[in-house]
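Student: Using the sequences provided together with the hints, build the complete structure.
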Amino acid sequence: GAVVSQHPSRVICKSGTSVKIECRSLDFQATTMFWYRQFPKKSLMLMATSNEGSKATYEQGVEKDKFLINHASLTLSTLTVTSAHPEDSSFYICSAWTGLNTEAFFGQGTRLTVV
Amino acid sequence: SQQGEEDPQALSIQEGENATMNCSYKTSINNLQWYRQNSGRGLVHLILIRSNEREKHSGRLRVTLDTSKKSSSLLITASRAADTASYFCATQNSGGYQKVTFGTGTKLQVIP
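Protein chains in written order, with my numbering: chain A, 1 to 115; chain B, 1001 to 1112.
By construction, these hints were calculated from the structure, which means they are not laboratory data.
In this text, all values refer to a predicted model and were calculated from it rather than measured experimentally.
Hints may be right or wrong, so weigh each one.
Derived pair list, reagent style DSS-like, types lysine-lysine, alpha-carbon separation capped at 27 Å [stated by the list, open to error]:
no.	chain 1	residue 1	chain 2	residue 2
1	B	1069	B	1056
2	B	1099	B	1069
3	B	1070	A	42
4	A	64	A	41
5	B	1099	A	55
6	B	1026	A	41
7	B	1107	A	41
8	B	1026	A	64
9	A	42	B	1026
10	B	1099	A	42
11	A	20	B	1099
12	B	1069	B	1026
13	B	1107	A	55
14	B	1099	A	66
15	A	66	B	1069
16	B	1056	B	1107
17	B	1107	A	64
18	B	1107	B	1070
19	B	1026	B	1107
20	A	64	A	20
21	A	20	A	42
What the simulated footprint calls covered on chain B by chain A, stretch by stretch (three residues with Cβ under 8 Å from a Cβ of chain A suffice, anywhere in the stretch; the number is not a length) [said to hold, decoys possible]:
no.	segment
22	1034 to 1042
23	1099 to 1106
Heads up, the beta-carbon is just placed ideally off N, CA and C, and yes, glycines get one too.
Tutor: In structure tokens form, the structure reads like this:
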């Protein structure tokens, strides 16, 4: 199957700093990328949907100024957690999608710990 | 937001038995997908069933879809210890930007 590379896999940062997470589709072009957040032993919560070259669509309750999403090309989307706080600690997963009625391909996730 | 709910939340069976997980969802969909997640890892796609399909097979997996009841089931036959994982259904909604949202998940434990 297609490969989505998510980087970094783990990051620890101090409160108040910003962290950028990258999601790359390695061998295909993704028209849409989804960003999810997963709390321990919970399901994936959709945070936002990004389309290349346009603004991301955020789910209700997700602060767009805190979670900045940039979909600069058909193979790269980034999520920046700005002014991180301990409550932002979580597992963040991206997925790339090539079109209707196709599977979404997932990155391996990023475990963010804010201390 | 959560689109679906899965039932049961947790399931423990003996190796060799069949495991059945159910998923219910709320809105109209283009397709429904099942994913597997090992503890703390990324997701692995298992199977996709389109809204005009009723049943699909892949190896030891059988998925059914009932759009009138807005429900789906995943059957794993002849389970193995290596099947121990969390299983999620995900729906791609129709209309709008076809976002993919996940159910609450079933944690399956297969005892050797």
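Student: Sort out which numbered hints this structure fails and list those numbers smallest first.
Tutor: 13, 15 and 17
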